[in-house]
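2 protein chains.
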Amino acid sequence: MPRSAWTDDPATLLKVMSGFVLADVDPSSTPGFEGDKDDGEALLTDAGPEIADLQERLYAESREGGLRKVLLVLQAMDTAGKGGVIRHVVGAIDPQGVKVHGFKKPTPEELEHDFLWRIRKQLPPAGVVGVFDRSHYEDVLIARVRGLAPAEELERRYDAIVAFENELVADDTTVIKVMLHLSAAEQKERLAERLDRADKHWKYNPGDLDERALWPEYQRAYQLALERTATEAAPWYVVPADRKWYARIAVQRLLLDALRRLDPQWPAADFDVEAEKKRLAQS
Amino acid sequence: MPRSAWTDDPATLLKVMSGFVLADVDPSSTPGFEGDKDDGEALLTDAGPEIADLQERLYAESREGGLRKVLLVLQAMDTAGKGGVIRHVVGAIDPQGVKVHGFKKPTPEELEHDFLWRIRKQLPPAGVVGVFDRSHYEDVLIARVRGLAPAEELERRYDAIVAFENELVADDTTVIKVMLHLSAAEQKERLAERLDRADKHWKYNPGDLDERALWPEYQRAYQLALERTATEAAPWYVVPADRKWYARIAVQRLLLDALRRLDPQWPAADFDVEAEKKRLAQS
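Chains H and A, in that order, give the protein sequences. Mapping of the first sequence onto the UniProt record's numbering: position 4 corresponds to residue 4, and the numbering continues sequentially without gaps. Mapping of the second sequence onto the UniProt record's numbering: position 267 corresponds to residue 267, and the numbering continues sequentially without gaps.
Note that these hints are calculated values from the structure, not bench results. Given the structure is predicted, the values throughout are model-derived calculations rather than measurements. No false leads were mixed into what you were given.
The list treats identical chains as interchangeable, and a pair is accepted whether it falls inside one copy or across any two copies.
Derived DSS-like pairs (lysine-lysine); straight-line CA-CA distance at most 30 Å:
1. Lys-37 / Lys-277
2. Lys-203 / Lys-99
3. Lys-200 / Lys-99
4. Lys-278 / Lys-105
Isolated chain H (complex conformation) (with noise of 0.2 Å):
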C-alpha cells in the first residue's frame, strides 16, 4: 500500500478550465499530492497493474467489436520528462495494448499534405491505449514560435484541431491532452546533467538551447493552444513537471480515470460454453 495517496482528484485540480493563465501554474508544485518522492513513487508501482488489468478488458471488448480507444497526448518543452511518463506509466501496460508514436521533424512528404495527415495515420485501433510523444500540437507551438506557417494558417490550425478531436471523440476515442509544465530553472539542471554524463550525451543536442532562448515565446504559445483548444470533448492537465515523481503519479490517475470512466467489462461468450467443453472433451 502506498504510505500516502490522493487528498484530491487530479484531474479536477489540473484541468484547463476557463480563464486558465499558464503563468499561474508553479511547475514546483503537487497539487493533490501531499506526499513525498517515495510515496509518489510507491504509488506509481502500485497503480501499475490496475492500469494493466482495465487495459486487457478494453482489448477483450474490443475482440467483440467494441470500439473504444483511448489517446494520450504528452506536449512540454524539452527534458520536462515525456520520455519517463511513457517509460514508468504507460510501461505498465502489456505491450500489445500500447501504440506509442514519437512525431519529430516532419518529412519533406508530410509536409506536402495537411498538418493532421500524418497524425491520423498514427490514430490508435480499437483496444489500444495510443501515446503521442508530441503531436498535432507542434504545429501551433514550435511553428507558431518559428514562423513555420503563414499567421491566418495558424490561426486556422486552432479550429482544425478542435474539429479533428471532436472527431476523434466521436470515434469512441478518449482523449487525454497533458502539457508536462517545466521551470526554465529546472530545465537548466537537466541540460547540464545531460551534458556531464556520457550515457546521455545523446540526448541533448545544441538546437535545445536555441528553442530555450524562447522560452517567453513558447510559454505564450503553450497559453494561446490552451485557451483554443480546451474543450469538455477533449480536455487540456496543464502537470507540474519539476518533480519527475509528480509528474508520472499525475499522469498515471489521469489515465487510471478515464479507463476506469470506460469500466471495461468482460465480454460474454458468443459461442455455446457447455458445447464447446464437449466438443474439447472429444478432441
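We have chain H; now place chain A onto it with these hints.
Chain A in isolation, oriented as in the chain H frame:
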C-alpha cells in the same frame, strides 16, 4: 539473484540445425535449465533491466545514425503462450523502443499483394525491437494445411522467405525466429481453462478446435517450414512451451544474447561538450 541459472546456453540447445526433427523435441522439457518454476520466475524478473538497458543503448546508437534493429518472430499453435512472452519478456523494455504487431487473417487488400507486402510494412525501425505475433510463416503454415494457396506458390514462398530474411539481415536486422512448441495434451488443458473462466471466454474461438483437429498436419507444416527456412543468417529456435515459465526465460535469453552480441554503446557527443556547458550557463 536468481536461485538457479542456465547450465547451458539455450541458444545452442534450441537452435534448429541440419537434420532437425520437431517430433523429437519434448514440449515439457526445460533444456539448459535445472531450476523450477520459482527459479525461472526469479530469473525472468532479474534479467529484465539488462534487456531494457541494452535496448536503450541500441536506440541511442540509432539517434546518431546507427541502423541496427532486432526482429523477434513468434510462431506457435493457439494457447502456446505468445502473448505471455510478449507481456513478460518484451514488457521489460521501454514502450518507446518496442514495435509489436499481431498478424491476423489477411484483409482483402492484403490478399491483392504478395504475401510479404503486409509484413514489410511492420518492420521495426533502427534502434527498436520489433515483435511479430504470427508472421509471414502463416503463409506456409495455415496456408499449407488449409490449402489457401496452390502447391507451386507454397513452394515458391520458402525461397522467398529466405531471400526476404537475408535482405533484413543485410539491412542490419538481427532476426530471431521462435517456435513455441506445445503438446496437444497441454493445449487441451489450456483451452479447457479458457472455457472454464468467464474472463477468458473472449480468448476462445470455436474455430480453435477446427485447427486443433489438424494438429498432425500443422506439425508437418512446421517441420517443413523449419527445414526450409532455418538459415545461419536468420536461425530458428524451437522452444518447449508446455511450461510457460520456461518458454519465457528461454525467449528472454535468446533476446538477451542477441542484444549482448550487438553490444551497443552510448554514442560519443557530436558537439563540443565544454562549449555547450558555457552556452547553457549563459542561458
